[in-house]
Amino acid sequence: MTLDKRLTPAEIVGRLRSGMTLGIGGWGPRRKPMALVREILRSDLTDLTIVSYGGPDVGMLCAAGKVKKLVFAFVSLDAIPLEPWFRKSREAGQIEVLELDEGMFQWGLKAAAFGLPFLPTRVGLGTDLIELGRLKTVQSPYDDGETLVAMPALKLDASIVHFNRCDHRGNVQALGPDTYYDEWFAKAADECFASCEELVPAMEEAHMADAKANIVERCFITGVTKAKGGAHPTSMPPHYGPDMKALKSYAGAAKEPGNWAEVADQFTGNDEATYLASVGGEEAVINIPLAIY
Amino acid sequence: MATLAELCIAAVAEAFRTDREIIGTGIGPIPRLGVGLAKMTHSPGLMMTDGEAFLVEEPVPLGPREYDDRKPAGYLPFSRFFDSAVWTGRRHAMVTPTQVDRFGQTNLSALGGTHDQPKVQMLGARGFPGNGIYHPNSMFIPVHSTRVFVDGEVDRVSSPGYNPARRIAGGNYSGLEIKRVVTNLCVMDFGGAGSAVRVISLHPGVEFSEVQEKTGFALIDAVEGETALPTGEQLAIIEKLDPHGIRHKVLKDNPPADRANQGEAA
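If you're matching them up, the sequences are chains D and V in order. Using the numbering used here, count along the first sequence one by one with no gaps and you end on 293. Using the numbering used here, count along the second sequence one by one with no gaps and you end on 266.
Hints were generated in silico from the structure; no laboratory data involved. You may find that some hints are simply not true.
Stated by the list, open to error - Distance condition first, Cα-Cα at most 27 Å in a straight line; then the derived BS3-like pairs of lysine-lysine: (1) Lys249/V with Lys245/D; (2) Lys119/V with Lys255/D; (3) Lys68/D with Lys110/D; (4) Lys136/D with Lys69/D; (5) Lys248/D with Lys88/D; (6) Lys252/V with Lys214/V; (7) Lys248/D with Lys119/V; (8) Lys214/V with Lys249/V; (9) Lys69/D with Lys248/D; (10) Lys110/D with Lys212/D; (11) Lys68/D with Lys119/V; (12) Lys119/V with Lys69/D; (13) Lys69/D with Lys88/D; (14) Lys71/V with Lys212/D; (15) Lys248/D with Lys252/V; (16) Lys5/D with Lys226/D; (17) Lys179/V with Lys214/V; (18) Lys119/V with Lys88/D; (19) Lys214/V with Lys119/V; (20) Lys155/D with Lys68/D; (21) Lys248/D with Lys249/V.
Everything numeric in this text was worked out from a predicted model, so none of it was measured.
Full structure from sequences and hints, please.
Written out as structure tokens, the structure reads:
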């Protein structure tokens with residue numbers, strides 16, 4: 001076997017298939033593997049079921065007609081609370097959805113990671129999520145007899161995540177104050193592809209002191225690719241914050257011209273180098289200040 | 001002279017009064033300032049984050065600041081938020097839903113239309129279903145109106161309330177507790193018979209009839225008096241937590257706390 005997991009973004013997208021269930025790491029406009037999302041937008045892939053704590057990844061894929069079904073708890077750009085392209089798709093009835101609570105969502109990823117059909121929870125009781133999502137309940141077999149919601153496994157065919165550092169064997173390091181549920185997107189998927197700000201030859205030589213940032217072991221990482229600035233326009237702490245100017249422009253385009261085909265070039269570019277150049281280049285991206293919440 | 005926003009902040013702080021050690025989360029400027037005020041005065045057990053991932057003993061001020069100004073005393077990222085704060089019940093959150101009904105059910109998901117094609121898509125249920133079933137919650141509603149406090153049920157039930165028709169046999173609803181609803185007119189709770197909504201205090205100069213008129217369901221008049229004006233000490237803490245005056249922009253025209261002073265500079 002080879003432990004050289006390096007792939008190009010195009011090779012990664014070449015390993016995805018139309019109709020598959022794809023998990024996308026990050027949270028809203030934070031730590032999104034946008035370079036890989038843009039590569040998907042440039043591809044022929046379609047009919048995807050997207051599982052995401054949604055930000056512009058979801059909005060763009062919806063706008064481009066790539067999404068058959070969305071599994072979500074929210075879609076937001078933080079400072080722009082409502083994701084306008086996602087809203088357009090929903091209000092036009094263009095996508096199926098499974099709407100979840102954000103805690104149930106990670107519970108479903110964990111069920112998938114552990115190969116379980118479901119995990120029980122109280123979350124969903126008393127809300128519309130159960131009926132609309134056709135979720136079932138289970139009864140505790142113990143004396144308490146409690147009725148619980150059976151959160152089904154969110155099994156992913158593949159997932160994409162963006163890390164701060166990777167080596168060629170798939171050793172990853174996730175820095176920044178919060179790594180959200182990236183670990184579980186990796187473990188819930190048959191194959192997980194990681195883009196990274198920095199690709200090093202050997203993690204133990206380059207960043208030994210940060211080994212605790214290895215939030216998920218390399219056996220869960222199928223492929224790695226370097227994409228410096230690859231979370232843009234979302235944030236990638238501690239390297240850079242969200243590009244609010246770019247996000248505002250993206251959100252504004254949902255209203256005027258309101259048609260993705262007219263603006264797709266601006267937000268995806270013909271290739272990643274062209275895209276990054278169009279937003280000021282790698283240096284400009286990595287100098288965007290971190291967000292204050 | 002105190003503003004209505006500052007009076008609301010003090011009312012929020014009162015809603016968060018506790019002798020427990022729990023996470024206090026206030027979403028939006030008024031709720032967040034209220035939690036900070038509670039923590040800095042009567043409820044030091046409250047724990048707060050910097051809005052990102054770190055627990056701070058000194059609430060971070062609102063608005064622009066240096067990224068590293070916050071002083072982390074602990075760590076509570078989203079990656080362990082359900083394990084630590086929500087699903088253990090060690091939290092009280094105050095949120096601003098788009099719709100609220102007489103059962104305390106809220107909607108943050110969508111308005112009108114169908115599930116497949118809503119008329120207006122909003123944020124999504126976010127953490128509301130889990131918050132509602134596991135830990136106490138309160139609400140802040142900046143514009144008290146029948147558009148928010150709806151007749152019948154909310155369009156989509158994002159968080160559970162005291163609605164017997166939506167109880168499943170054998171379900172455990174013991175964590176469900178809606179503490180206070182603070183609005184620009186009054187403070188309400190769910191202390192009536194069958195968890196009916198009561199008005200427990202009116203902001204200075206507001207009549208019960210006006211609150212009822214702007215609410216889509218029947219309210220119980222349990223008013224014990226006026227909502228307390230913030231003290232000088234409270235106002236000083238609020239100013240420290242909101243040095244850029246973001247609170248002044250939350251309520252239209254930033255009115256004074258007492259309507260009798262309307263027209264005078266706030």
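Hints versus structure:
{"no.": "1", "hint": "Lys249/V with Lys245/D", "verdict": "holds, 23 Å"}
{"no.": "2", "hint": "Lys119/V with Lys255/D", "verdict": "holds, 17 Å"}
{"no.": "3", "hint": "Lys68/D with Lys110/D", "verdict": "holds, 23 Å"}
{"no.": "4", "hint": "Lys136/D with Lys69/D", "verdict": "holds, 20 Å"}
{"no.": "5", "hint": "Lys248/D with Lys88/D", "verdict": "holds, 16 Å"}
{"no.": "6", "hint": "Lys252/V with Lys214/V", "verdict": "holds, 17 Å"}
{"no.": "7", "hint": "Lys248/D with Lys119/V", "verdict": "holds, 24 Å"}
{"no.": "8", "hint": "Lys214/V with Lys249/V", "verdict": "holds, 22 Å"}
{"no.": "9", "hint": "Lys69/D with Lys248/D", "verdict": "holds, 26 Å"}
{"no.": "10", "hint": "Lys110/D with Lys212/D", "verdict": "holds, 21 Å"}
{"no.": "11", "hint": "Lys68/D with Lys119/V", "verdict": "holds, 19 Å"}
{"no.": "12", "hint": "Lys119/V with Lys69/D", "verdict": "holds, 18 Å"}
{"no.": "13", "hint": "Lys69/D with Lys88/D", "verdict": "holds, 15 Å"}
{"no.": "14", "hint": "Lys71/V with Lys212/D", "verdict": "holds, 22 Å"}
{"no.": "15", "hint": "Lys248/D with Lys252/V", "verdict": "holds, 25 Å"}
{"no.": "16", "hint": "Lys5/D with Lys226/D", "verdict": "holds, 11 Å"}
{"no.": "17", "hint": "Lys179/V with Lys214/V", "verdict": "holds, 21 Å"}
{"no.": "18", "hint": "Lys119/V with Lys88/D", "verdict": "holds, 10 Å"}
{"no.": "19", "hint": "Lys214/V with Lys119/V", "verdict": "holds, 24 Å"}
{"no.": "20", "hint": "Lys155/D with Lys68/D", "verdict": "holds, 16 Å"}
{"no.": "21", "hint": "Lys248/D with Lys249/V", "verdict": "holds, 21 Å"}
Hint check: no violations occur; every hint is consistent with the structure.
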